[in-house]
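Starting from the given sequences, assemble the full structure and let the hints guide the process.
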Amino acid sequence: MPGYDFRLPFEQPIFELQEQIETLEANETTSPELRERIRELRKQLTETTKAIYNHLDPWETVQVARHKERPKFTDYLDLVFDEFVELHGDRFFGDDRALRAGFAKLDEYKVLVVGHEKGKTLKERNECYFGCAHPEGYRKAMQKMALAAKYGLPIIAMIDTPGAYPGIGAEERGQAMVIAQSMMEMSRFKTPIICVVIGEGGSGGALGIGVGDRVSILQHAYYSVISPEGCAGILWKSHNYAEQAAQALRITSKHLSEMGVVDDVIEEPLGGAHRDHHQMAGRMKVYLLKTLRELLRKPTDELLAQRYEKFRRIGPYLETQPTG
Amino acid sequence: MATGETKMSKEQAKPAREKRGVPSGLWLSCEDCGAMIFRKECERLMNVCPECGFHMYLGARDRINTVLDAGTFEEWDADLSPTDPLGFTDKKKYSERIVAEQKRTGLRDAALTGSGMVRARRVAFGVTDSAFIMGSMGSVVGEKLTRLVERATSERLPLIIISGSGGGARMHEGIFSLMQMAKVSAALARYDEAQGLFISVLTNPTMGGVAASFASLGDIIFAEPKALIGFAGPRTIKATIRIELPKGFQTSEFLLEHGYIDRIVQRADLKSEIARIIDYCGK
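Taken in order, these protein sequences are the chains called A and B.
Mapping of the first sequence onto this note's numbering: position 43 corresponds to residue 43, and the numbering continues sequentially without gaps.
Mapping of the second sequence onto this note's numbering: position 16 corresponds to residue 340, and the numbering continues sequentially without gaps.
Treat each hint with caution, since some may be false.
Calculated pairs, PhoX-like style, for lysine-lysine (alpha carbon to alpha carbon, straight line, at most 20 Å) [as the list claims (entries may be wrong)]:
1. Lys237(A) with Lys417(B)
2. Lys68(A) with Lys120(A)
3. Lys150(A) with Lys105(A)
4. Lys415(B) with Lys237(A)
5. Lys237(A) with Lys416(B)
6. Lys110(A) with Lys298(A)
7. Lys562(B) with Lys237(A)
8. Lys416(B) with Lys427(B)
9. Lys290(A) with Lys110(A)
10. Lys190(A) with Lys110(A)
11. Lys105(A) with Lys290(A)
12. Lys285(A) with Lys105(A)
What the hints contain is simulated information worked out from the structure, not anything from laboratory work.
Below is the structure:
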């Protein structure tokens, strides 16, 4: 069952209640008192889960966003879309496994989906570098998205990466340049684009497929200019301050929504997406369909003008006369 | 994105501090070859080492003087200054850091923008100064550059941006800084569609979110010799892959070899090189 094998420290009270319930349920004999006790514990379990998950601090949020059993891009491909026709390769160097793309059907709509893949088994995780894409990943995404724009298919981008891969090959093949180009192209593709941060929104690696008409985030995902560990390493000179950095960077869906950087927050099932993949996928599907219908009604010119404005207005500053 | 780490390594930290300060003394030592150089001579060469040709730090105001015709720079949006939208505090409050940096550098933030002439050709001109919080891009840098690009678009001017930004996207302004990358890039997309000519000049250092946005989107990309340019900071890469990085990794020469920049240009030639490109592509 999801959420069982990998325990986050702050979830301990939830597991304790679950275990109590399981022990009682394992009883051969059932009595009205026992059933009443189980009912009560279940109620308590719901309350406790709610209490914990309604008040996750930023560092706890990061841990939930990175949860091993959290639904990944492939889970959404399976559960949200009726079909996925993967399109491989960047026609240049290789086929990145951390960033996948393909045609898909979302009810009656034909769309192009791109997304970061973190993998489930250790083998998969290694193959896709734990969701850290190389330049060929962004080149592939860009090329397939251009294809979608050419044929008028809406684009759905699912973001889940700690960041773009930092390595020799990645630098040799122009990591900085492909991310820049991808953002630039996404700002002008003549088709609706919906971006959803499903887990980790790690910096430029996330933004590389993150420019769209709607930028949304799951309730317990995060989106940040830099990983909390990276920020702690630079500003506090030690990774041990990741918790403080997570706090200072304001990376939770609540913060991002208040700051006007994300358009919508998609609520997760009680206790986080990892507890109920199907319910999460259901909510995702409802959100995507609703948003897609909205965007498809807009004329292309208006869509592009609004996309530009959406990013154009981000970033507070003071504008005053020089005081000398 | 934010790679403030480039200032972190011990061997780099010391000269970085020296080069940022107000010049003191008659002599200084080259941060590359270590030679003792007569300061006046070095300044005459636009902070290029007369012994080894290393291109040292040059502030935003000096950049303007070396590239634009004397007295032609007209500053735009000079009255923009940063806020502290997150109430960010690490070892120091960001709001206090801003004030301290402003005092030390005489700049309001890390970018200066405006218009001027390059050998009598009018251009829109921007420069980031690596002395101001590592030249990192927060909301003010993003906004000023976006306005610059928009104005270059509407006035049909060639656009020159000289980057000196080791800090990438500025961590202290969090997600707002990250989004500046998208904002400037989107403005450049429009500039591109209006057939604008963008010459991006990369100087030491240009990293992270600056390298991964406007700096890499030039129609023509120049770099000064031996500049550190890349996406991830060398320390991050080393920590990830746990092998020694090849010699010359992430330098201008490395980028030229791998096909990402058009020309390596000596500082003394920059002005005429820019003018020459404008004559080929500009309108």
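Practice task
Any hints from earlier that this structure breaks? Give me their numbers in increasing order, please.
Solution key: none
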